[in-house]
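Novice: Sequence:
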Amino acid sequence: MKPRVVGYGSCGRAPPSSITACFESFDHGSEAFCIDVCETSDGVLVACNRRTLRLLAGWPSRIPGWAAVEDADLGEAFGGGRTRHRVLPLEEFLDSMGPLPMHVSVDGPLGKTATRAFERIIRSRMTGDTTVLARPHWLSQADLPEYTPLVAVLQPGEDSDDLAASVAHAVAMPARSLVAFGRTRMPRIALACDTRAAIAAARGSGAITVHTERPAWFRAAWIDDPFARVH
Numbered sequence: 147m148k149p150r151v152v153g154y155g156s157c158g159r160a161p162p163s164s165i166t167a168c169f170e171s172f173d174h175g176s177e178a179f180c181i182d183v184c185e186t187s188d189g190v191l192v193a194c195n196r197r198t199l200r201l202l203a204g205w206p207s208r209i210p211g212w213a214a215v216e217d218a219d220l221g222e223a224f225g226g227g228r229t230r231h232r233v234l235p236l237e238e239f240l241d242s243m244g245p246l247p248m249h250v251s252v253d254g255p256l257g258k259t260a261t262r263a264f265e266r267i268i269r270s271r272m273t274g275d276t277t278v279l280a281r282p283h284w285l286s287q288a289d290l291p292e293y294t295p296l297v298a299v300l301q302p303g304e305d306s307d308d309l310a311a312s313v314a315h316a317v318a319m320p321a322r323s324l325v326a327f328g329r330t331r332m333p334r335i336a337l338a339c340d341t342r343a344a345i346a347a348a349r350g351s352g353a354i355t356v357h358t359e360r361p362a363w364f365r366a367a368w369i370d371d372p373f374a375r376v377h
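The end of the sequence shown is residue 377 by my numbering, with every number in the run present.
What the hints contain is simulated information worked out from the structure, not anything from laboratory work. Take the hints with a grain of salt, since some may be wrong.
[As the list claims (entries may be wrong)] Each pair of labels, with its calculated beta carbon distance range:
| hint | residue 1 | residue 2 | range |
| --- | --- | --- | --- |
| 1 | Arg365 | His315 | 21 to 31 Å |
| 2 | Arg262 | Pro295 | 18 to 28 Å |
| 3 | Met147 | Thr341 | 14 to 24 Å |
Bear in mind that the values here come from a model prediction, so they are computed numbers and not experimental data. Where is the CB? At the ideal position from N, CA and C, for every residue including glycine.
Let's have the full structure, built from the sequences with the hints guiding it.
Specialist: The structure is reproduced here in structure tokens:
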């Protein structure tokens with residue numbers, strides 16, 4: 147069975163964490179798009195990860211405040227033509243997506259105030275499906291709507307535990323780590339599915355969803371796989 151394809155990062159020419167990258171992902175065949183979310187040092191929830199914030203601010207060892215990245219251009223850091231690509235607050239980014247299905251991946255810890263803001267933003271998004279990915283402990287403490295699909299993100303080498311099973315509807319980890327994943331009846335999501343080796347791992351582990359920066363390539367590679375043709 148072909149898994150659901152979720153775009154992530156830069157799925158075309160636009161830089162990652164940009165609205166244009168999201169739209170390009172759907173143009174290339176994604177059925178949803180995943181954005182990272184993290185908290186600036188002064189508590190603003192932004193639609194990018196901590197590594198990107200540090201890169202944009204030029205601060206390799208600490209997370210900047212919103213003022214340091216508000217006017218930064220993602221295109222200068224990652225490439226992306228002449229168009230200016232801004233980092234956006236999470237709520238503004240999701241509002242721009244309208245009814246498009248989204249995966250929102252929590253990168254790093256969120257303080258209590260940021261967590262409450264995150265809950266409000268997810269609860270208020272009524273026009274599109276929203277799946278939340280985060281570490282099991284954070285999911286166990288968050289007050290998210292019952293109708294929101296929750297995915298426990300596990301690190302390579304971790305096994306499914308009772309906490310993940312009690313708070314999430316599925317588990318996720320890098321595709322090539324799923325092969326060694328312990329037994330679980332929970333649905334599996336394969337992250338970083340951007341190579342043929344990752345495709346083989348996703349197929350062998352029975353992943354129901356994959357995250358990839360190459361959605362069009364993934365669809366063609368999955369169909370062209372000799373194993374798929376024989377079986």
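Novice: For each hint given before, does the structure comply? Return the numbers of the non-compliant ones in rising order.
Specialist: none
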